[in-house]
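All chains, full assembly: derive it from the sequences and hints.
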Amino acid sequence: MAGNPKHIKVYFGALLFMAILLFALDIILGSVSISIKEIFGVLFSPDKVEPHVSNIVINFRLPRACVALITGVALSVSGLQMQTVFRNPLADPYILGVSSGASLGVALFLLGSSIFSIILPAVVSNFCIASAAFTGSALTLFLILIVSIRIRDIMTVLIFGIMFSGAATAIVGLLQYMSNESALKTFVVWTLGNLGSATFDEIKVMLVITLIGLAVVIFSIKKLNILLLGDMYAQTVGVNLKLTRTVIFISTSLLTGQVVAFCGPIGFIGIAVPHIARMFFRRADHRILVPACILLGANIMLFCDIVSQLPGSGMILPINIVVAFVGIPVIIRIILSNKKIVN
Amino acid sequence: MSPHRIKIENLSLGYGYSLHTKHEIFPPFSAVADKSQLVALVGRNGIGKSTFLRTLTGLQHIFAGNIYINGKTAAAMSRKGYADLMSFVSTETVRVMHLKVFDLVAMGRYTYTNLFGNLSVNDEKIIIDSLKMTGMDDFIWRNVSELSDGERQRVMIARALVQDTPIMIFDEPTAFLDIPNKYEIILLLKNLTRTKSKTIIFSTHDLNIALMLADKIWLMANGKMHEGTPSQLIQTNAFDEMLAGTKLKIENGDIKFQ
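As they're listed, the protein sequences go chains A and B. Heads up, the first sequence is in my numbering, so the first residue is 491 and it goes up one at a time. Heads up, the second sequence is in my numbering, so the first residue is 93 and it goes up one at a time.
Heads up, a few of these hints could be off.
As the list claims (entries may be wrong) - One side only, chain B facing chain A, incomplete, derived with CB under 10 angstroms: (1) F180; (2) N235; (3) A336; (4) K339.
None of these hints come from the bench; they were simulated from the model. All of these numbers come straight from a predicted model, not from anything done at the bench. Glycine included, C-beta positions come from ideal geometry on N, C-alpha and C.
Below you can see the structure in the form of structure tokens.
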């Protein structure tokens, strides 16, 4: 594996190359078979290609691949941050309750409107779902920040996050119980995740938020390293703990919130990729782990998306199902091959 | 006259912030520590040694009283201000997967490195020198999780050393160590007070080591802070207060069982 510091750049290069390759494959492979020649045609001489082919590539596959790339990167980096801040290998991007808050927002919107018999046109509802999810995550972030500024002990913050999630889930359950079947199905489908619903304008929003989130993470790298030793050591080398935590929580919520808003609560990537990065590079230094998570997250999400489209089958599986099938064996393999994971 | 490195004035220990929850665990006391001194903090379990060290390092609010560090009022200092003057090694064991000795020690350079934590040639030299001084230079690319307790303690000392502070504080640095390691670690600390003019304060339950190697002892017993050289404290029978109610006593600088 990539233990030797000198080889790290070579591995980064290889992962970057693989990500580009998988991005291309994600566009080429899909439920409708399109040849590489036709893809090039779409890119370089759009007039000669049949409109439906061009439509599939430009309006479906390209945005989908972009969304896969963005979500893979955002969730992996968020997961890494949360595992470090909470010093817990089981922490994931949703540990602060961001996805529960988003779910609550979406449930209130979808199921609430069904309870009050309001019928929404499909186009409006897609954008409204994203807005509802984003509002839900933003309010959650706000709550978490209030708690984390007042409470010194990180474990109390963790318990608060879990309790908040529990409360949100209970309210969502109540709404599900009371709503009609079609709204319920729309909600369940939302929870299964969807990389294909974002429009180009929405992708621009995702990209901007992700870049801001990543910039904040990159400026937190030095602090993340110190946080590995625990809050006490971080403070005694000069870290302002509350400020650092606040900044990390904001970047995690931005990165995770936009994924949940536009794609639903996509699981496993955020918890598995940081572990894969650690196993692969055998370092705990975030100057290595952050770029490693960016690259591995992009690769793995693109791979999952390719699998989800089951070339030649004519259907697209919900991404969360594929992510679970791909992610769980990886996590189990890691646990079995390295018993010290929870140390 | 230059100020004491550490001057403690009528400090009492306790916890709780509001009036209702305020609970004092140790009454007010005063003490000082100076340049090139190895100070052993001694006292029975639960007397408040760790609370004292946490208060001294600013990890806990000052309950009542004052602490002056290099003449500055501690209560007004920022985290960075503390970090420039004091390094700290706690009893907490660092267990991080794949964390290299070098990376761990490098964290001590936190306030000196740039925004991204990139190490300069000088930083690297300081890290390697500290590892040499603590006898850990052969372990530089080893994983911290693979080290023995004694080796890990040396690495933690190296990490505190690269912080380059006039004062170093250790909470039970000899816990979990075998007898030769206990002596070697405290001798290493003593050596740092001599060669680097550090003020080092360490808490310990090893009375023999404290009596043998410390320049000064802070003995917390019976609601009082007894301050003095080992021989002064033996002459004033301060240890009897700590050992009261047990079958142990100090005779000719050694612990005896009656």
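**Minimum beta-carbon distance criterion (10 angstroms), N235 (chain B) to chain A** = Holds. Min distance 8 angstroms.
**Prompt:** If you take the shortest Cβ to Cβ gap from K339 (chain B) to chain A, is it below 10 angstroms?
**Reply:** Result: violated, 37 angstroms to nearest chain A Cβ.
**Request:** Against chain A, run the beta carbon of A336 (chain B) and see if the smallest gap drops under 10 angstroms.
**Result:** Cβ of A336 (chain B) sits 33 angstroms from chain A, so the hint is violated.
**Asked** Hey, does the F180 (chain B) contact hint survive, CB to chain A under 10 angstroms?
**Response** Holds. Min distance 4 angstroms.
Of the numbered hints listed earlier, those contradicted by the structure are 3, 4.
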